[in-house]
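Participant: First to last, the sequence lines map onto chains A, B, C, D, E, F, G and H.
Every position in the first sequence, counted from 1, becomes a number in the working numbering once 14 is added.
Every position in the second sequence, counted from 1, becomes a number in the working numbering once 14 is added.
Every position in the third sequence, counted from 1, becomes a number in the working numbering once 1256 is added.
Every position in the fourth sequence, counted from 1, becomes a number in the working numbering once 1256 is added.
Every position in the fifth sequence, counted from 1, becomes a number in the working numbering once 1247 is added.
Every position in the sixth sequence, counted from 1, becomes a number in the working numbering once 1247 is added.
Every position in the seventh sequence, counted from 1, becomes a number in the working numbering once 674 is added.
Every position in the eighth sequence, counted from 1, becomes a number in the working numbering once 674 is added.
One or more of the hints may lead you astray.
Taking lysine-lysine pairs in the DSS-like style, the calculated list, with each CA pair at most 27 Å apart, reads [said to hold, decoys possible]: (1) B:18 to G:676; (2) C:1355 to C:1336; (3) C:1422 to C:1393; (4) B:39 to G:677; (5) B:38 to G:676; (6) C:1381 to H:815; (7) C:1381 to C:1422; (8) D:1340 to F:1508; (9) B:46 to G:687; (10) C:1412 to H:908.
Think of the hints as simulated: they come from the structure by calculation, not from any bench.
Keep in mind that this is a model prediction, so the values were computed, not measured.
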Amino acid sequence: MKGKIEIDQDLCKGCELCIFFCPKKLITLSDKLNAAGYPPSAFSGNGECTGCATCALVCPEVAIEVYRG
Amino acid sequence: MKGKIEIDQDLCKGCELCIFFCPKKLITLSDKLNAAGYPPSAFSGNGECTGCATCALVCPEVAIEVYRG
Amino acid sequence: MLIKTVFAGFGGQGVMSMGLNLAQAAMMEGRYVTYLPAYGAEVRGGTANCTVSVSDEEIASPVASSPAFVVALNQPSMIKFQNKIQSGGIFFLNSSLIKEPLLRGDIEIVQVPANAAAEDMGSVKSANMIMLGAFIKKSNLVNLQTLIDALAVALKGNKKLIAINKNALTAGYELV
Amino acid sequence: MLIKTVFAGFGGQGVMSMGLNLAQAAMMEGRYVTYLPAYGAEVRGGTANCTVSVSDEEIASPVASSPAFVVALNQPSMIKFQNKIQSGGIFFLNSSLIKEPLLRGDIEIVQVPANAAAEDMGSVKSANMIMLGAFIKKSNLVNLQTLIDALAVALKGNKKLIAINKNALTAGYELV
Amino acid sequence: MTGNAAIAEAAIRAGCRCYFGYPITPQNELTEYMAAHLSRREGCAFIQAESEISAVNMVYGASVAGARAMTSSSSPGISLKQEGISYLAACQLPSVIVNMSRGGPGLGSISASQSDYFQSTRGGGHGDYRTIVLAPASVQELADLTRRAFELADKYLIPVIILGDGMLGQMMEPVEFKHEAPSALPVRAGALRGAKGRHSRFVRTFTSNPAELEEVNWSLFRRYQLIQKQEASCENYLTEDAALVVTAFGIAARIAKGAIKQARALGLRVGMFRPVTLWPFPSEQLKELSKRAKYFLDFEMNMGQMIDDVRLALEGGGDVSFYGRPGGVIPNPTEVLRVITRVYHQKGLNQ
Amino acid sequence: MTGNAAIAEAAIRAGCRCYFGYPITPQNELTEYMAAHLSRREGCAFIQAESEISAVNMVYGASVAGARAMTSSSSPGISLKQEGISYLAACQLPSVIVNMSRGGPGLGSISASQSDYFQSTRGGGHGDYRTIVLAPASVQELADLTRRAFELADKYLIPVIILGDGMLGQMMEPVEFKHEAPSALPVRAGALRGAKGRHSRFVRTFTSNPAELEEVNWSLFRRYQLIQKQEASCENYLTEDAALVVTAFGIAARIAKGAIKQARALGLRVGMFRPVTLWPFPSEQLKELSKRAKYFLDFEMNMGQMIDDVRLALEGGGDVSFYGRPGGVIPNPTEVLRVITRVYHQKGLNQ
Amino acid sequence: MKKIFSRPRSLKKAVFHYCPGCGHSIIHRITCEVIDELGIQDRAIGVPPPGCSVFAYYYFDVDMVESAHGRGAAVATGIKRAHPESVVFTYQGDGDLAAIGTAETLHAANRGENITAIFINNAVYGMTGGQMAPTTLLGMKTTTSPFGREDKYEGHPIKMSEILAQVNGACYIERTAVNSPANIRKTQKAITRAFRNQIEGLGYSLVEILSPCPTNWKMSPVEAWQWIDDVMSKEFPLGLIKDTTGRGDAH
Amino acid sequence: MKKIFSRPRSLKKAVFHYCPGCGHSIIHRITCEVIDELGIQDRAIGVPPPGCSVFAYYYFDVDMVESAHGRGAAVATGIKRAHPESVVFTYQGDGDLAAIGTAETLHAANRGENITAIFINNAVYGMTGGQMAPTTLLGMKTTTSPFGREDKYEGHPIKMSEILAQVNGACYIERTAVNSPANIRKTQKAITRAFRNQIEGLGYSLVEILSPCPTNWKMSPVEAWQWIDDVMSKEFPLGLIKDTTGRGDAH
Ligand SMILES: Cc1ncc(C[n+]2csc(CCOP(=O)(O)OP(=O)(O)O)c2C)c(N)n1
Ligand SMILES: Cc1ncc(C[n+]2csc(CCOP(=O)(O)OP(=O)(O)O)c2C)c(N)n1
Ligand code: SF4
Ligand code: SF4
Ligand code: SF4
Ligand code: SF4
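Construct the entire structure; sequences and hints are all you get.
Facilitator: This is the structure in structure tokens:
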């Protein structure tokens, strides 16, 4: 596991941009709504994440923190 | 005499532009002031005027009428 | 009698058109009506609401500081309006999205699983009309048929849409 | 005593500096003074004038609707002010440029061939100071010496200009 | 129909073919209605201008050319139009300016407010001018007064301001239009449309001769006096036997009416005086009323502006209390009722 | 020194280092003086802006950053600044705005006039705000009140308007400056200069919560009440025994004074009440005076604006006549004397 | 002998209030000549905002309306939209068009308003007494740039024509001058084109005219006229700046 | 594992009020990253006029002042002149900068005011509910161009950057977009340069950023982001438009 991300469920607005841009397609939309009424995205941390931070770069809500190491 | 001009003494403001631009140098400034307080220019109609209308073209006051004939 | 209703939810849930349809129907029944949308800079990604006042005489203020009915399509709306609804009023909750319990005991609560019902019907966007149907049944503010007629006006005769919405209204009406 | 003087002429004849110098001199003599220039859109190629009020007490209005003295440097100014000057007032005319007769008999007229005198002195631009010198002699509003001192202030000590202007003032003073 | 749309529709039916505006909440529906109905239509003009200043000056141009023209905005945008309004007044160009006012000062809030009363009635621009100011209190009245605004503008050659507010603009109520849009309007005499078959003429205000400008001011002033005599209008609501008269305009009057109904139900003799024209202010009518009633409660959605006109009209002959909520806060009838009750008791009217 | 230059010099001596303006007659000497004294000088800013709007917004910026800043214009240009002034008031930014007013409405005339009284005292911009308005009547007072304007602005965090006129601006009179320009001024608390050593902060007016804006309005209002209590000032001239009191401000007061002197010489008991602050209007003082005097003649170089405040102050307790000349016409003392005499006789005061 | 030059018909018989040698007078005359030529005296509506030419209506024998300072383009837009048969022109100074009226001008041009702008660039504010204009040259001393305009402090002279040429709606922009017989003739041609474009419905046309202001330049008229050649036209080069009309008559 | 990406220090911990997928949020974040990088959090003063980003002060942890609509450049000028040590930036929408603020912007740029403009071009008026902006593309339907914008009626989309590039005082102008990882990185570089120019006293810098407004474009965020590539950047080509700074780091 080279990298991982954490998505803040309360900040996410379910815009799906991280999902679209993730080169490994490791993010999906969850089927529940968060408190603000959006379905937040979720990280399917299956070990392929490289910590490239693309998702964080495009996330408008600064909802994603990226770890590498 | 190919041409002649008439300078309206009341309109003229003595700017000397006609004097400057007349190719034949046929216009001079008079030494009296007109009612508005300007020394109007005068046509020294000595027969050399070609009626080229340059003076009228540059006269800001539309003070010059040109005759050709 | 002057009765004020607030419809509230996320932008995009269709709360404005719920209010508009109710207002249109009440107008068709010859009542005094005002409709007041509330939106602001903070709407972006936030909640939206509108107020419909129906009365038999001139309406003083279109604002509802303590509405008789509140229809909440989502949880933030429930939270926002739970202290405003008047004592003895009816709170219509979209139970598909609202899970938290309400903290007041002096009002009636009508739970409508609107999103679930809409999904069942195969048209997720109709949750608002399901809510509206249920609301009409309980509040008795206007006739269901008038509401359906009002809908036809709003949809400018688009048959397909009218049918979908009519179904949703009726389904909601029968849900409670 | 409140005494108002109007200086009038073409733009370019230096009427404003006549007024300014007088105002400065009167100030130096400890009097109350106002100076009011009049110009407008129509000044372009037209006449200019200014009003100087000198008094031993506070001055109400700096405007002169009927001045005691008028100094006219050209004919249009003479025409403009001949009906305004107060009865018994003094009209100072630049007789080098003003040829037409005045139509009022109740005022005193002082003819000053200012332009001619200036030409004689070899400085055509000094006609205004010649006029001012003559004005002071007759009006007695301030001392000639104060005026010369005021000039020095205005010209910020430029020796050559001061000399020229002083000469013109004195020449005007002696002309009438 | 929203109030904003009602104004737009009424304007079109009044023969307004030229609309120039700039977006601002809470009046966008008006501009948008105009966009939908005047764009791409022969003989009509809709422009979203680059600013409010440009918009009011387009109105000036269209009015000079003889068209019924209109612009609309809300408070900050109306401030920007002040120079233009002064020019319209000076040149005696009929025109209609709508202000769906919002909370101020500054960028304020987009909520309904009445804090532009002074600006509208005293000429926020420079110079001795007035504009007619109409203050509707319902969507129907928005429509009716819009038509009236165009008529008055043409009759008196004057800019007319419709002073509404964000709530009136955005709420919906049934509305009926009594007139169809005219197919063509006669061109106003004095309009500039090219000097065909007549001498050229000009429209201007500038002069280098103050006496000339004084004459203009005097002729404006005489017209203003005429307007004051002829056009001041108001609504009296239950004032015959009222011990306390609430003075209020626009949306506040509407809210007050609700409170008064409740007060009456409690047996309080309360009525309402509502100016429909804010300028001319119906001073005579209020003065007349003050022969019967001595106690007044001025209620405004601001810190107290119309109260000056109330007091000027009463000339010391009345006792005026005040209740105001500024910034876009919308009081409800019950709250106003509380104030009414308090004043009623304080003044000993319940004895 | 011209009045315009006197303002400029006084401003510089009051520590004004930032001036932003746009040419307009009759106040150009002010801008030009500032150009000569603030351009190219370390720590100073002079900008001839591209418009009056830009100029007032530069003042806004400079004031936010803690500087004593000023702009000046004349009537039409002041109309354009109304939105900006409303923002300055809303954000409580000290600033000084000079209006050397001219004949209006529209482009009007460049001659002295007083027809911007309403605009200045009632907020020509939108919203419930006030500005302090100072009305000097001599070149010396222009200088003194300019200094005072900066002090008041800082003391109350408020824009202050100096309402002069074209004549005051262009005339010359002796003037004395009692203060030297300070070498440096303390930075105003609350200024934005970067969040060094403290939390970041912001200055704004917009809110989506009207209740918040109401609070702002209330706090402004309380400050306004304080100003009304503390800062209203006036000049009483020969009012002790006056049977007729002329009310006038600025240049008109000066002219009236001349007329009153003449009237006294004729044995008429005439005095003058001159508000120095137009807002706050010295209502208490006038009310007090009305215990002694019953007849008032309001004289303005407009069609009657300050008369509203006179009547409001008197609360029906006085008989107010009016004499006005609009458009930039400058009446002379003799003319005013004629009016005084007429009113004096009409009211039977000579008995 | 035949009279071959006299006052154009649409120029009223009034003495100009302009200073001796001022370009406004010349531009008035030639504009009127164009109006006569095109036979549009009874359709033309002029819009002169404040500036030395605020009184233009005393001279132009066509309908005219004063606009507020800088708002000429907006007012002209309103007129033209309300009455499309008219031929509308603005007559604006550089302070007016390039400072306070920047937005109105740029956006009217961008919308392609079918109007004609006559833009008098005399590098100063004339009417108000010689303040710096957006077009004032570097180094020039004016009452508000007493130390001479410097790029660093007051910015570079603005080239409004080049800026306006950037927007699509502007179909024709040319810079000319009225400081010599030849330039005056060229200016007249340009004005003719600018009006013709409007008559043909082609959009926004503007003629920028370098125009002498002897008074504020503190020069004699002859000096001022020459200064345009020697100095001013170096900063503001004369010639066609934009033409998308597709008409062949550009020179 | 090491945290390699988190919220920049000068971005407050608040939930944005912007719509899902809105470009404002991204631009806020990267501007804050630049502020952190350059270490100017305690010198920066931001000027957000009305627009969707009017509440920018809730997010930027630097001193901020709201300006009146369109007047950002004038307010920033006032601040910078009064307090030259500050680093002043405006954050303006296209309605703000390119419509009502045209004059203020152009003249501030011309004077070479030493400020930084962050110019968000989202082709609509967002805050007021989707009206036509000066930058709205041809054919685009908005609430005030219900028939789709047409050159002939509403004029062509205005290219403010190209226009501003005409004036000398503007030292650096670049157009970028925030619709892909690469473009976001480029935007961040451009913003860095725009601030660096100010710190070095080089004059007016502007970064125009094509920014998605899914709400008013009536698209999903992903669609909106792609639309910038597919359509919007065809009309508004990305890249460096002007650079007179002489610094080598242009890309
Ligand atoms: C709103 C407003 N601001 C300022 C003025 C004063 N003013 C009158 S004309 C003018 C500009 C004159 O310059 P320009 O446009 O270059 O024309 P010119 O006089 O040089 O021909 C100004 C600033 C005004 N009338 N209105
Ligand atoms: C003087 C004035 N006019 C109009 C408005 C209304 N208004 C607020 S923001 C805005 C423009 C929004 O568009 P833009 O600048 O493109 O920013 P965006 O919201 O798209 O980010 C307008 C017109 C205002 N606040 N002030
Ligand atoms: S990009 Fe951010 S806001 Fe959008 S779905 Fe992913 S985590 Fe949520
Ligand atoms: S050009 Fe005209 S105004 Fe000038 S001197 Fe000759 S005739 Fe007179
Ligand atoms: S000031 Fe200049 S532009 Fe104005 S009239 Fe005189 S020469 Fe012409
Ligand atoms: S309306 Fe557009 S610009 Fe405004 S927050 Fe929403 S997406 Fe962003």
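Participant: Please go over all the hints and tell whether each is borne out by the structure.
Facilitator: Against the structure, the hints:
no. : hint             : in the structure
1   : B:18 to G:676    : holds, 10 Å
2   : C:1355 to C:1336 : holds, 15 Å
3   : C:1422 to C:1393 : holds, 14 Å
4   : B:39 to G:677    : holds, 21 Å
5   : B:38 to G:676    : holds, 20 Å
6   : C:1381 to H:815  : holds, 24 Å
7   : C:1381 to C:1422 : holds, 13 Å
8   : D:1340 to F:1508 : holds, 23 Å
9   : B:46 to G:687    : holds, 24 Å
10  : C:1412 to H:908  : violated, 37 Å
Consistency note: the structure conflicts with earlier hint 10 alone.
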